[in-house]
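Bring the two chains, given one by one in their own frames, into a single complex with the hints.
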Amino acid sequence: MKSTRKILSILLATVLALSLLITGCGGDQKPAAPKADAPKTQKLKIALVLPSTVDDMAWAQSMYEALKKLQSQSKDGIELAVSERMGKPVDAGAAIRQYATQGFDIIIAHGAQYQSVVKEIAPEFPKITFAYGTGFQSGPNIFAYDPQAQEGAYVMGVLAAKMSKSKIVGIVGPVEAGDAIKYNKGFQMGVAAAGGDVKTRIAYTGSFNEIVKAGEIAKTHMDAGADFLTGSSQQAVGAIKAVAGKPGTYWLSTDMDQSAVAPDAVLASQVYNWEKVLTKIMDLRKAGTVGGQHLTLSFADGMLDLKYNPKLEGKIPQDVKAAVEKAKKDIAAGTIKIDLSK
Amino acid sequence: MTDFMEQGILIGIIATGIRLAIPYLLAALGEMLTQRSGVFNLGLEGIMLMGAFFGFYVTFVTHSPMLGLLAAIVAGALMGLLMAFVSVTLQAEQGISGIGLSMLGWGLSGLFFRLYVGGIQTIEGLKPWKIPVLGNIPILGPMFFNHNIIAYFAFLLVPISWFVLFRTTWGLSVRAVGMTPQAVDTLGVSVTKMRYQCLIIGGMLAGLAGATLTVANTHMFADNITAGRGFIAIALVYFGRWSPWGILAGSLLFSMADSFQLWVQVLGINFPYELAVMLPYIVTIVALMISFGRVWPPAALGKPYERGVRG
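Chains as they are written, first to last, in numbering that gives the first Met the number 0: chain P, 0 to 341; chain B, 0 to 310.
In case anyone wonders, no lab produced these hints; they're calculated from the structure. Treat the hints loosely; a few may be bogus.
Heads up, simulated DSSO-like pairs for lysine-lysine below, C-alpha to C-alpha not over 30 Å straight-line [what the hints assert, rightly or not]:
| hint | chain 1 | residue 1 | chain 2 | residue 2 |
| --- | --- | --- | --- | --- |
| 1 | B | K126 | P | K310 |
| 2 | P | K164 | B | K126 |
| 3 | P | K245 | B | K126 |
| 4 | P | K310 | P | K245 |
| 5 | P | K68 | P | K279 |
| 6 | B | K126 | P | K166 |
| 7 | P | K164 | B | K129 |
| 8 | P | K245 | B | K302 |
| 9 | P | K118 | P | K68 |
| 10 | P | K285 | P | K184 |
| 11 | P | K314 | B | K129 |
Ranges between beta-carbon positions, derived for each pair [said to hold, decoys possible]:
| hint | chain 1 | residue 1 | chain 2 | residue 2 | range |
| --- | --- | --- | --- | --- | --- |
| 12 | P | S206 | B | I284 | 16 to 22 Å |
| 13 | P | H293 | B | I284 | 42 to 48 Å |
| 14 | B | E305 | P | K68 | 57 to 63 Å |
Simulated coverage check for chain B against chain P, where a stretch passes if three residues somewhere in it have a Cβ under 8 Å from a Cβ of chain P [claimed, not checked]:
| hint | stretch |
| --- | --- |
| 15 | 117 to 126 |
| 16 | 212 to 223 |
| 17 | 258 to 266 |
Glycine included, every Cβ here is placed at the ideal spot set by N, Cα and C.
Isolated chain B (complex conformation) (with noise of 0.2 Å):
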C-alpha cells in the first residue's frame, strides 16, 4: 500500500514537472535563439502575455485549440517584429525596449481581455493525448507520455533547436552574427535580416508558451496570467549558457523542484512553506554555483549593428 503511494507521488511529481517545464522551455528557447543572433530580447513576459490572451480568445471565439495556437504563434511574430523594428531597425538600446514592450503586453492583452472578453471566461482548451502503446508502459507511461501535444512538441525542440544551431548554414550564420556581425556582413549575410528572423521565431516560441498557459494548463484568461514566468525564461536562457539541452537541463530543473515543493506541501510534511515556495529558485542559483567552466555569452549579445561602425 505505501509502495503504491510513494509510486503515486513520484508519478504525479514527474508528470506535474513536466507539465510546469513546458512554458519556460519554448519561450527560453526562443529567447536563447534571439540572444545566439546578438538581441538581448527582454519583452518576452509581453509576448507571452499577448499569446496567451490571443491563444485563449480565438479558442474561446472558434472552440478550436489548434487555430487558438495558431492565433498566439501569429500574435507572438507581430511582437517579434515590433521588438525587431524597435533594437535592430531603430537601434534602440535593448534593455529599455524589451521593458517597453513587457508593460505593452500586459496592457495590450489586459485591455483586449476587457474589450472583447469582458470577464472570466473558459474554454474547453487542450486535453493531454496520451501516446498509444508508450502511454500504456506502468510508471512511465502516465509520467512521460500523457501530456498535451504542445508538451511533446516542446520537448522535441530541443534535438530540432540543436541541429539547426550547430549543424546548419543558417545555424551558424545566426551564431556569427552574434559574435561577430562585421564578419558576417563583409561576407555577404545580412545581419538585419538574421536578427529579424531570430526576433520572429523566438517571438513565435514566447507567443505558444503564453498559450500554453491559457490553452492547455488552466482553460481561463486573467491579467498577467503569465506571472513573471517570460522573466525566468530569460533567466534560463543564462542558466542554460545558450545550449538547448542547458536550458532543457534548467528548465527540468526549476520545475521538478517547483513540483517538488508542491507535493510537500500538499502532503503536509511539516516544512514550512515560504522555504518550499522558494525552493526552485534556490536550486537553481544553488546548481548555477556549484557548475564550473567560463561562460562565453555571444560577443554581440545587446549591440546594435551598423555597418562601418566598430561594435
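With the rest of the complex left out, here is chain P (with noise of 0.2 Å):
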C-alpha cells in the first residue's frame, strides 16, 4: 500500500506542477529563453504582464502586437517576455517583482488592475521603467499610459446613431469601472449628439471573459431591436459573432481592429497606436527620464485612430461619413468636450 502511495503523490505533484507550468507561463517559452553567450550590444529587455493572452483579439493583442512589430524593426535587438493570464493583481505582482530582480529595462503592466502592485514594487527598482495603463497617476519611474476611449466611442456612436434603422443601439459591456465607463460614456454621447432620438441600451456580463455571457447579450440586444452594437474588452469577440450572425447588424470595435473575427459584421473599429506611445516610452527612457509622466492616446495626438473595415466602407452614407470625420475633428480641435463626470 505504502508504494501506491508514494506513486500516487508523485504523480499528484506532477501534475500539478505540470499544469502550472502550462497555465502559469504560455507565453514565455517562445521569446524569453535566455541566451547562454551575453550579446555585446545593450539588447533592451522588456517585460510585458498581460491580464488574458496574447492572442485574445483585444486589449493585451493589440499591445503585443505593436511590441513584436517595434522587436522586428529595433536596430540594436529588443528581448521581449511576455506574461500572460495574469488577471490576479497578485499573480501579476509576483511576474513583474521577479522580472526586476532579473534586471529588465522596461516592464509593462497592461491593465488597470495594475495600478496598486506597479505603486508598490517601482520604488524598490528605481532605474527600471515601469509602464500601466489604461491609469493617470504616474511615479517617479513609472509611465502611466491612458487611451482616451470615449473619444473614439464618441465618434462610433455618432456613425451608429445615423446609420441606424431600427433607432436602437446596444452596448455589451464587461464590469461598469475604468474604461469600460470611459467607452460606454463616450458612445452614449455621441448617439446623443448625432440627434434623431436613437435609444442606447447598455447590459452587463459582470466580467471581463464572460465570452458566452456576452453572445448572450449581444443575442439579446438584437432580439430586442438593436441593430448597431459594440462593446469593450476580450469577451467582445463571443458579442462580434452573435452579430455576424444576423445580417443587418453591424458591431464597432474597440481596443483593435476586430473585423477579422467577422469580416461582414465590424464596420469600424477604434485602434490605439501603441507604437507610438512605446517609442515614446523607450525615447524618453534612453534620454534619462525613466518615469513620471501620464501618457494620453487621443485623437489630438496622433495615437487613437479610427478605422472602417474596408470591405462594409462602402455602405456608408457620405453625409454619414462627413460627420464622423467632423467630429473626430471637433474632438481633436478640443471644440467637442467630453465631459465624463456627467
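Written as C-alpha cells, this is what we have:
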C-alpha cells in the first residue's frame, strides 16, 4: 500500500506542477529564453504582463502586436518576455517583481488593475521603467498610459446613431468600471449628439472574459431591436460572432481592429497606436527620463484612430462619413469636450 | 402593440434561459452519476474546457459539427479516465486531484489552441433545428422547439438518467457503490469498474457540455471560455440533491434567472446591474434555503475504496 501512496503523491505533484507550468507561463517559452552567450550590444529587455492572452483579439493582443513590430524594427534588438493570464493583480505582482530582479529595463503591466502593485514595487527598483494603463497616476519611474477610449467611442456613437434603422443601439459591457465607463459614456454621448432620437441600451456581463455571456447579451440586444452594437474588453469577440449571425446588424469594435472575427459585421474600429506610445517611452528612457509622465492616447496626438472595415466602408453614406470626420476633428481641436463626470 | 412586445420578451427570456441551461444540465447530470458512484469530481471545469476545445477544433478542421461533438465526447471520456485512474486506482484525495484536473484542462486547452489554431477563429457550428409542426406553434414553438440538437438531447437525458439510475440493475449498482461499497464488493460487483464507468460517462457529458459553448453557442474557442461553469454545475448537483429532476430544476432556475436579468438590463429597466448579475446566484441560494427536507448525499462520497479496509 505504501508504494501506491508514494507513486500517487509523485504523480499528483507532477500533474499539479505540469498544469501550473502550462497555465502560468504559456507565452514565455518563445521569446524569453535568455541566450547563454550574452550579446555584446545592449539589448533592451522588455517584459509584458497581460491579464488575458496575446491572442485575445483585443486589449492584450493589440499591445503584444505593437511590441512584436517594434522588436522586428529595432536596430539594437529587443528582448521580449510575456506573462499571460495574470488576471489577478497578486499573480501579476509576483511576475513583475521577478522581471525586476532579472534586470529587465522596461516592465509593462497592461491593465488598470495593476496600478497598486506597480506603485508598490516600482520604488524598490528606481532604475527600471514601469508602465501601466489605463491609468493616470505616474511615479518617479512609472509611466501611466491612458487611451482616451471615450473619443473613438463618441465618434462611433455618431456613426451608429446616423446609420441605425431601428433607432436602437446596444452596448455589451463587461463591468461598470474604468475603461468601460469611459467607452460607454463616450458612445452614449456620441449617439445623443447625433440627434434623431436614437436609444442606447447597456447590459453588463459582470466579467471581462465571459465570451458566452457576451454573445447572449448581443443576441438579447438584437432580439430587443438593436441593429448597431458595440462593447469593450476581450470578451467582446463572443458578441461580435453573435452579431455576425444576423445580417443587417453591425458591430463597432474597440481596442483593435476586430474585423477578422467577422468581416461582414465589424463596420469600424477604434484602434490604439501603441507603437507610438512605446517608442515615446523608450525615447524618454534613453534620454534619461525613466518615468513620471502621464501619456494619453487621443485623436489630438495621433495615437488614437478610427479605422473603417474596407469591405463594408462603401455601405456608409457620404453625409454620415462627413459627420464622423467632423466629430473627429472637433474632438481633436477641443471644440467637442467629452465630459465624463456627467 | 404592448401585448406583442411583452410576448416577445417572454419568449426571449425563456428561449435564452433554455439555451443557457444546456451546459449546466449536461455537466451536472454527468457529475451526479459520478457522485452517485462515490467519486467527487472537481475537475469538471477542466474536462469542459477540453471538450470545448476539441469540439471547436475538429469542427474547425473538418467543417462537421457532429464530428466535433464526437471529438469532445472522446476528449471528455479520456479526461474522465484520467480522473478515474488518479482517484480510483491511485486513491488520491479527490478534491485535490479534481483541482489538478481543472488546471490541467485549462492549461492544455489553452496550449493546444495556441499550437494548433493560433488565434481567434470562427466556425459555422451547430444551427438551431426547428422541430417540424411543434416548432410552428405560436409562442411555445420559439420557446421550446427551436433549439440545437444538443438541447433536445440534454432534456431527454433527464428522464433517461432517472430511468437508468432508479430502474435498472446497473443504476442500482451505481447507487450501491456510492452508499456501501463493501456490501457491493461482497456481492461480486467490482467497485473499481463501476467507478471507472461512471467517471468516464460523466466525463463524456462534461466534454459535450463544453462543446455546447463552442460548437453551438459562440462558434469560437477562446482561453477559459467556460468561465467557471464547471464549478456551478457541481453546485447544481448538490442543489438538485443527486436527482435528475432536481438538477433539471436547478439548472432551469439558475439560467432563467440569468436570462431574466439579461433582459432587465437590455430593456433599460432601472435596476443596478451589479445586483442583476448576482440575481441567478441569489435566487439559487434562496431556493436552497427554503426548500425543506433532509439531504442524504451518497454515504461513500469522496472516500476511496480499498478492499478489506473499513471505510
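Hint check results:
1. B:K126 to P:K310: holds, 26 Å
2. P:K164 to B:K126: holds, 27 Å
3. P:K245 to B:K126: Roughly 13 Å separates the two Cα atoms, so the pair holds.
4. P:K310 to P:K245: holds, 17 Å
5. P:K68 to P:K279: It holds: about 15 Å lies between the C-alpha atoms, which stays within 30 Å.
6. B:K126 to P:K166: holds, 29 Å
7. P:K164 to B:K129: holds, 29 Å
8. P:K245 to B:K302: Outside the cut-off at roughly 51 Å; violated.
9. P:K118 to P:K68: Holds, at roughly 28 Å.
10. P:K285 to P:K184: violated, 37 Å
11. P:K314 to B:K129: violated, 33 Å
12. P:S206 to B:I284: 16 to 22 Å: Given about 19 Å between the Cβ atoms, the range holds.
13. P:H293 to B:I284: 42 to 48 Å: Check passed, 44 Å falls within 42 to 48 Å.
14. B:E305 to P:K68: 57 to 63 Å: For B:E305 and P:K68 the Cβ distance comes to about 59 Å; the hint holds.
15. 117 to 126: That given contact holds, which follows from 4 residues of the stretch 117 to 126 of chain B lying within Cβ reach (below 8 Å) of chain P.
16. 212 to 223: That given contact holds, which follows from 8 residues of the stretch 212 to 223 of chain B lying within Cβ reach (below 8 Å) of chain P.
17. 258 to 266: holds (count 6)
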